[in-house]
Amino acid sequence: MAKIKTVKLTKIFGPSPKRALTLLSQGKTKDEIFNQTGLAVALVDVSFEVQAGEILVVMGLSGSGKSSLIRCLNRLIEPTQGKVFIDGEDITNLDHNALLELRRHKFGMVFQHFALFPHRNVCHNVEYGLEIQHKDKAFRREKACQILKLVGLEGWEEAMPSQLSGGMQQRVGLARALAIEPDILLMDEAFNALDPLIRDEMQNELISLQNRIKKTIIFITHNLDEALKMGDRVVLMREGQIVQIGTPNEIITAPADDYVKRFVKNVDKCKLLTAQSIQVPAVVAYSDDAPRTVFDKMQTESLSTIFIVKRDNTLQGIVQIGSVKTAVSRGDKSIASLINSELPTVTATEPLTTLISILAKWHWPVPVVDEKHQLQGIVINTGVLAALAKKE
Amino acid sequence: MENFSIPKLPLDDWIDAGLDFLTENFAFLTKNISEYLEKIINFIIDSLIFFPPWVIIILFALIAWRLSGRQVALFTLIGFAFLWNLRLWEPTIETLTLVIVATFIAVLISIPIGVLAAISKKAYRIIMPLLDFMQTMPAFVYLIPAIPFFGLGSVSAIFSTVIFAMPPTIRLTCLGIKQVPKELIEAADAFGSTKRQKLFKLQLPLAIPTIMAGINQTIMLALSMVVIAAMIGAGGLGGEVWRAIQRLQPGMGFQAGIAIVILAMILDRITQKIGQKN
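These protein sequence lines are chains A and B, in that order. The first sequence begins at 8 in the numbering used here and counts up one residue at a time. The second sequence begins at 139 in the numbering used here and counts up one residue at a time.
If you are wondering where the hints come from, they were derived from the structure by calculation, not from laboratory data. Hints may contain errors.
[Unchecked claim] Listed next, the in silico SDA-like pairs over lysine to any residue satisfying Cα-Cα at most 25 Å (straight line):
id, chain 1, residue 1, chain 2, residue 2
1, B, Lys259, A, Ile84
2, B, Lys333, A, Thr87
3, B, Lys336, A, Glu85
4, A, Lys37, A, Ile62
5, B, Lys320, A, Lys276
6, B, Lys146, B, Pro276
7, B, Lys316, A, Phe20
8, B, Lys339, A, His126
9, A, Lys317, A, Glu349
10, B, Lys259, A, Pro22
11, A, Lys35, A, Val14
12, B, Lys320, A, Gly21
13, A, Lys221, A, Cys130
14, B, Lys339, A, Arg127
15, A, Lys12, A, Gln43
16, A, Lys276, A, Leu366
17, B, Lys339, A, Glu149
18, B, Lys177, B, Phe188
19, B, Lys259, A, Gly21
20, B, Lys320, A, His126
21, A, Lys317, A, Thr352
22, A, Lys144, B, Phe338
23, B, Lys339, A, Leu392
24, A, Lys25, A, Gln43
25, B, Lys339, A, Lys25
26, A, Lys142, B, Leu337
27, A, Lys276, A, Thr352
28, B, Lys339, A, Asn104
29, A, Lys144, B, Gln335
30, A, Lys236, A, Ile363
31, B, Lys339, A, Pro22
32, B, Lys320, A, Phe20
33, B, Lys316, A, His103
34, A, Lys276, A, Leu392
35, B, Lys336, A, Asn100
This is chain B alone, in the form it adopts within the complex (with noise of 0.2 Å):
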């Protein structure tokens, strides 16, 4: 067999003399920003801390109730004081921090991408197999290279989750702009709008319940990858487990897991409602 086979193409080599090339040419860049971004999350995961924990509690009880009612901040009430009572509350304040952090940057990255997606036929061809790329690939392959260029911690697990999560609101801004009924655009064009007045006018504001759909999806796969993210040290609930495995203890793992399902459900119910209220 070895005789005939065909040489192996190096694409491995390839892709490694690739990441070299970026990592001695742009490293310093990237550990610049990964230094200020560790400050920001430190402060934002410390500011979060410094109050005790029933205060933040209450405080995103109102925010649940503010944007989606009553049943959903009674949910984040008992949610969240569960997940003190079980001393869980720093890691999940870190896991917490990390998902907001990335899906932030996340959605601004993907909002105006769809869009370039959804007003352009061109940008579209070359988006679309680079997200089903994305969203392909295994999640935790990201991580590798997200060292070299950010470090170990949190900035390359955000870095990393950032790239994972952003596939659905791309996708789903994309979505909600073709949508907009061709009659409207049309009742738009008669009236001597731009193109710029169309979209802001027009396009974004009827694809905002789509694009919410999006960033729940994105939030959803933001905390699925910063768990995944405690192997390169990002800390936080994922963490939690992380230690479980390595020390063998199924009820140390399973209570983290469990927070982390409450964690998701929270984060779900809270940002579903203000899609469908749109």
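Excised from the complex, chain A in its bound form (with noise of 0.2 Å):
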């Protein structure tokens, strides 16, 4: 079942919104129908599912109702229409007190401008949630420096929010928000106006604590790269709707119209683009074959090296033609000693500007393994430039 689902999600902003919801079944646009009654379209039919322990990124631009979305997630906008399912519950039917148990319990809300009470030294920030909920004084005192030290704000207790750098600020906020031990993180342009040094940070930051801690994000940016980074999933919106779903990946080798090749365009695929979306199936020759298999095989296959693996796949090395001719000569019986176990091995996340690298010192094929070192594929150097030279 997945954490969040949503069902045509539609809002409209305005007096009596019913008279937008007839034009839009109409097809109009969102223009013609501001000129006409006033009435501005935020959201039209936006569906889309978050699985458990996903980071999903709402990308657009100003305007394009990403943040009208996060906040239908939680009710702080009603929808105008569409249904909104938090682990399979219909949360748009709640009533008052029911929504307020949900929002203290599922969901925490991390925001652009910190929104952190100026009144509240640090620690008071964060126990915030929890003194909503009534929880004991100790307890709360226990829980909220317990998060301090995880966002690494350790000693800044008693701080006013006022005292520290905006990075600082941003912790306090995710910290606020991960005190109530939520489900579900909303982050709201959370990074957006921090400097670029800081956010690439607190970026990294909040990657590797999302691997500990493993919440179901959804993540608002403008930004293309910052999406692409943090996203497992990235869901495109204009004007909105919703453009394209899929995997950073997915949007960068397939955009699915103009408008995301636009995007796109100026991305920079050397950190993007991964090791997995380059790499070729490879031929393999196996440890125990006789060195004539394993010289039939390059000639067929018209190779100058071949990987060599064990039954299970598990990378042995790599051998030239030259040496393993040399072996059929001598009649070797086994290709063991010709092995060259001394090689560069990648993973599939490695992304190009590594592999370009390695590229310039190894002149053979670069193998891709996953954590059992078992081969995935290859990655040779023509592949490297075809990622490359490929427009758009």
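Hey, can you piece these two chains together into the complex? The hints should help.
This is the structure in structure tokens:
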């Protein structure tokens, strides 16, 4: 079951929004509806699912409806039409008290401009959510200290928000959201107000934090680089509608339309394309193969080198055609002595930049392996060049 | 002209009739309140005068020091000593007591009204014109209906002072709460805060500096009204001025007037700093 699911979510701002719904069903655009009725269409038929433990990035320019979307999930904004399911429960019909309970326990929210309470110190800010739940003082304090340690703000408990830098303030914002142990983190352009270096640092920390805490995260941004870096999947929005949903790789390699293409054009592909997206299946020989078998295989495939794996696909090394030929003429029984096992390997998530620097020194294909050192595929230099040359 | 004129609306008669009705039906209640309040006021005045003036002066200077720092404390010390020297100690204490009691009551009523105006649009639309009315009505008009309800003296003075002095605290409480940034309200909402939790944990604490500015204004208005209320026998420094007018003694009038100015400055400086510190 999806952690979060939205079904045809539509939001229209303004009095008696039903008028706009009728016009929408007649196929009128956002601008036409605004000119005709003065109603602002923020979201149109937005449907998607988020799995538990996933980071879903919602990306779009300002006015694309992404902020409205995130607020519909916890009903800070009431959807005009459509449903939101959290853990399979339709929350669009919850009464006021049930809604408060839902917000108290399921959602932690982090805001673009931090929205820390200026009259409370760091610790009391972090305790806020627990205070709202009437948790006792000692428990709150302990929890707050624990979370502050997690975000690297140990020793700052008594400081006032105004004394902290932007990056630290947002750590407090994050700690405040995490303190209630929510299943879902809603991050509304959480890092966009930070300067680039701090932003990068916070992104990395959130990623490593996520590996430990495994929350479901909805992350809003207008920055494509950030979207592709943070997202397990990315939702691209335009004028209140979803343009494309996909993994970062899918977005770059197969943009859905011209709008997405324009976005993707300026992305630094070297950082975003990974070994996985350019690897090709490897032709392998087995370590117990006779030299003759290996030689024949290389001849038919016209290979100058071949990767040797065990029967369970564990990578052993690489052999050259020259040495195999010699072994055949010598009448060797095994290829064991020919295997060069000192070779570079990469994992599937290795970015193109690293591959390029490896290929600059290593003149043969680079093997891609998983954590058990089993061969997944290989990257050849022409593959890298092709990926870079590929327009759009 | 007489022949063409539209007959005058008997507005004055209507108001009199309304007030008569209120007096007949509620005066017994207000007279009772009046009696108690008068006792309290007299008790405060008596106990402040019971101590030698220097004790009280030092006490006030200490309070000023605690609340607003050394400079204000020094000013308080010198100012009160000067008033003592002018032989105006007793009227000063009377005026001060009336101001404090009136301010206390005014603030007690104003803050909830201000909160109501901030959170309910309907209440806002009713309260704001009422405040305009209260502030533009010449102050001493309030003195006239006060007498049938509370009798001559300090309680009538306090009643009209409270009405006259409430608007700034109501307005600024409302403003202070409305000024709380939307983002913070949204953050509080996102954590599932109830309206009450938002009010007490966020809106009121953040509005305190603004509310304090309102209270400061209320104190100033209370002082000016308490002086005017001397006309209905409130006594104090206003009484000194009133007497000087009746006897045409400009020296005595200015002396009491300057005393009022000094008292106003002391009260203003002490309360102004409280708001700033927050």
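Each hint tested on the structure:
{"no.": "1", "hint": "B:Lys259 with A:Ile84", "result": "holds (20 Å)"}
{"no.": "2", "hint": "B:Lys333 with A:Thr87", "result": "holds (23 Å)"}
{"no.": "3", "hint": "B:Lys336 with A:Glu85", "result": "holds (20 Å)"}
{"no.": "4", "hint": "A:Lys37 with A:Ile62", "result": "violated (29 Å)"}
{"no.": "5", "hint": "B:Lys320 with A:Lys276", "result": "violated (39 Å)"}
{"no.": "6", "hint": "B:Lys146 with B:Pro276", "result": "holds (22 Å)"}
{"no.": "7", "hint": "B:Lys316 with A:Phe20", "result": "holds (22 Å)"}
{"no.": "8", "hint": "B:Lys339 with A:His126", "result": "holds (10 Å)"}
{"no.": "9", "hint": "A:Lys317 with A:Glu349", "result": "holds (16 Å)"}
{"no.": "10", "hint": "B:Lys259 with A:Pro22", "result": "holds (17 Å)"}
{"no.": "11", "hint": "A:Lys35 with A:Val14", "result": "holds (21 Å)"}
{"no.": "12", "hint": "B:Lys320 with A:Gly21", "result": "holds (19 Å)"}
{"no.": "13", "hint": "A:Lys221 with A:Cys130", "result": "holds (24 Å)"}
{"no.": "14", "hint": "B:Lys339 with A:Arg127", "result": "holds (10 Å)"}
{"no.": "15", "hint": "A:Lys12 with A:Gln43", "result": "violated (32 Å)"}
{"no.": "16", "hint": "A:Lys276 with A:Leu366", "result": "holds (17 Å)"}
{"no.": "17", "hint": "B:Lys339 with A:Glu149", "result": "holds (20 Å)"}
{"no.": "18", "hint": "B:Lys177 with B:Phe188", "result": "holds (16 Å)"}
{"no.": "19", "hint": "B:Lys259 with A:Gly21", "result": "holds (18 Å)"}
{"no.": "20", "hint": "B:Lys320 with A:His126", "result": "holds (16 Å)"}
{"no.": "21", "hint": "A:Lys317 with A:Thr352", "result": "holds (16 Å)"}
{"no.": "22", "hint": "A:Lys144 with B:Phe338", "result": "holds (17 Å)"}
{"no.": "23", "hint": "B:Lys339 with A:Leu392", "result": "violated (60 Å)"}
{"no.": "24", "hint": "A:Lys25 with A:Gln43", "result": "holds (14 Å)"}
{"no.": "25", "hint": "B:Lys339 with A:Lys25", "result": "violated (37 Å)"}
{"no.": "26", "hint": "A:Lys142 with B:Leu337", "result": "holds (19 Å)"}
{"no.": "27", "hint": "A:Lys276 with A:Thr352", "result": "holds (21 Å)"}
{"no.": "28", "hint": "B:Lys339 with A:Asn104", "result": "holds (19 Å)"}
{"no.": "29", "hint": "A:Lys144 with B:Gln335", "result": "holds (16 Å)"}
{"no.": "30", "hint": "A:Lys236 with A:Ile363", "result": "holds (20 Å)"}
{"no.": "31", "hint": "B:Lys339 with A:Pro22", "result": "violated (32 Å)"}
{"no.": "32", "hint": "B:Lys320 with A:Phe20", "result": "holds (17 Å)"}
{"no.": "33", "hint": "B:Lys316 with A:His103", "result": "holds (23 Å)"}
{"no.": "34", "hint": "A:Lys276 with A:Leu392", "result": "holds (12 Å)"}
{"no.": "35", "hint": "B:Lys336 with A:Asn100", "result": "holds (24 Å)"}
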